[in-house]
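Using the sequences provided together with the hints, build the complete structure.
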Amino acid sequence: MLREPRRSQAIIAAWAVSVFALSALTGLAALAMASAAALLLFRRGALREMRRVLLAVVPLSLGLSLASWTWLWLLGTPPPVAPFVALPARTSLIAFVTFSVLGRVDLLRAAAPFPTSARLLVLCLAQIHALRLLATESALGLRSRLPRRPGTRDVLQGSGAVTVALLTLSARNSRDIGDAMRSRGFH
Amino acid sequence: MHIPDGFLSPSVTLPAWGVAAPLWYWAVRRNFGTSSTESLPVVGALTAIAFVVQSIMIPVPGGTSAHLTGVAILAFLYNPGVAFVCESLVLLLQALFFGAGGFTVLGVNALAMGLLGPGAAWLVHRALRPLWPRAAAFAGAYVGIQVATLGVSLVLGLQNRLDSDYMPVPFSVMLPAMMLPSLTVVGVVEGLYTLATLSLLRKARLLDAP
Numbered sequence: 055m056l057r058e059p060r061r062s063q064a065i066i067a068a069w070a071v072s073v074f075a076l077s078a079l080t081g082l083a084a085l086a087m088a089s090a091a092a093l094l095l096f097r098r099g100a101l102r103e104m105r106r107v108l109l110a111v112v113p114l115s116l117g118l119s120l121a122s123w124t125w126l127w128l129l130g131t132p133p134p135v136a137p138f139v140a141l142p143a144r145t146s147l148i149a150f151v152t153f154s155v156l157g158r159v160d161l162l163r164a165a166a167p168f169p170t171s172a173r174l175l176v177l178c179l180a181q182i183h184a185l186r187l188l189a190t191e192s193a194l195g196l197r198s199r200l201p202r203r204p205g206t207r208d209v210l211q212g213s214g215a216v217t218v219a220l221l222t223l224s225a226r227n228s229r230d231i232g233d234a235m236r237s238r239g240f241h
Numbered sequence: 040m041h042i043p044d045g046f047l048s049p050s051v052t053l054p055a056w057g058v059a060a061p062l063w064y065w066a067v068r069r070n071f072g073t074s075s076t077e078s079l080p081v082v083g084a085l086t087a088i089a090f091v092v093q094s095i096m097i098p099v100p101g102g103t104s105a106h107l108t109g110v111a112i113l114a115f116l117y118n119p120g121v122a123f124v125c126e127s128l129v130l131l132l133q134a135l136f137f138g139a140g141g142f143t144v145l146g147v148n149a150l151a152m153g154l155l156g157p158g159a160a161w162l163v164h165r166a167l168r169p170l171w172p173r174a175a176a177f178a179g180a181y182v183g184i185q186v187a188t189l190g191v192s193l194v195l196g197l198q199n200r201l202d203s204d205y206m207p208v209p210f211s212v213m214l215p216a217m218m219l220p221s222l223t224v225v226g227v228v229e230g231l232y233t234l235a236t237l238s239l240l241r242k243a244r245l246l247d248a249p
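For the record, the sequence lines run as chains A and B. Take the first sequence: its position 95, counting from 1, is numbered 149 in our numbering, and each next residue is one higher. Take the second sequence: its position 45, counting from 1, is numbered 84 in our numbering, and each next residue is one higher.
Only some residues are given here: those of chain B computed to face chain A with a beta carbon under 7 Å:
#	residue
1	F90
2	L128
3	D204
4	A216
Think of the hints as simulated: they come from the structure by calculation, not from any bench. Using N, Cα and C, we set each Cβ at its ideal position, and we do this for glycine too.
The structure is reproduced here in structure tokens:
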């Protein structure tokens with residue numbers, strides 16, 4: 055049995071190979087078999103990951119496929135349906151495997167032997183988190199200052215000040231995170 | 040204009056990874072060593088904003104979507120290498136946590152949206168900046184997004200040439216479907232976004248924005 059971070063690194067390596075292999079599948083039958091195998095392998099938490107795929111991946115990939123099929127159909131040549139079904143099926147399968155694997159590994163621990171990458175990763179995740187917090191706080195602040203529900207115009211008018219605040223805060227935030235990581239040996 | 044996982048076969052994605060990997064190594068070593076402490080805060084903030092603006096995607100026919108990238112500004116403020124690393128990081132995070140783009144297509148997406156686009160934007164900006172600084176930023180961002188879109192459509196067209204069962208949309212159909220929204224709407228919005236962000240950076244006094 056491998057110990058961390060080797061275990062997470064081995065799982066990530068196996069996942070990387072498997073997603074490239076899955077991206078080579080073209081037939082619907084092969085994709086259905088691979089999906090069944092993935093469901094069997096990652097049955098713990100499968101419903102949660104399937105819901106995530108359904109919300110995050112399926113709308114866009116299905117939209118792309120449908121838009122492409124409709125575009126070709128409008129141009130006068132009704133294209134075969136199977137390749138257009140295979141496109142979102144492949145995308146969804148790869149996303150399901152990715153989400154399932156990531157739920158089973160410690161990504162930051164696996165990246166720890168690569169300090170620069172780990173520092174960049176932590177910094178960006180922290181910034182994204184700070185950005186979400188600031189956006190929520192700004193929206194609440196705007197709502198509290200107006201007697202009515204803020205419209206698009208109000209949001210656009212307030213966006214400049216919010217972005218300046220975001221940049222100033224995130225600069226401070228990054229400096230703090232950078233200092234904290236350096237003090238823990240990430241150079 | 041992310042290409043999602045499963046829209047390109049390994050015959051295209053593996054060579055793209057082969058090209059991108061040494062460039063990532065070189066760009067990280069050159070731009071994100073221990074001497075980068077001062078630039079990291081602004082780079083982190085701009086990367087976070089790029090992450091957000093790229094999350095709003097509109098599907099277009101041909102196998103990809105239309106959206107802003109927000110990375111030309113990183114090329115203007117630092118260099119195309121920084122933009123390449125930051126965009127790759129954005130793409131990696133989106134692929135791993137949000138299912139946007141993907142891991143297998145990371146090389147292709149990063150080369151198109153992180154290197155070709157910002158590289159072209161940087162060249163245009165450098166050429167025009169001494170004459171018209173603001174117009175240079177707008178034109179650079181506009182050209183950058185067109186080059187990135189063209190790169191993505193060329194790769195998807197190549198996939199159709201290699202295996203039309205895998206990617207059934209031919210290049211002749213894909214090119215106008217992808218370039219039209221990019222030329223008319225996305226490029227203009229990207230240019231305006233870049234101008235606005237540069238002005239806000241000056242206001243926030245975070246650095247000497249051009």
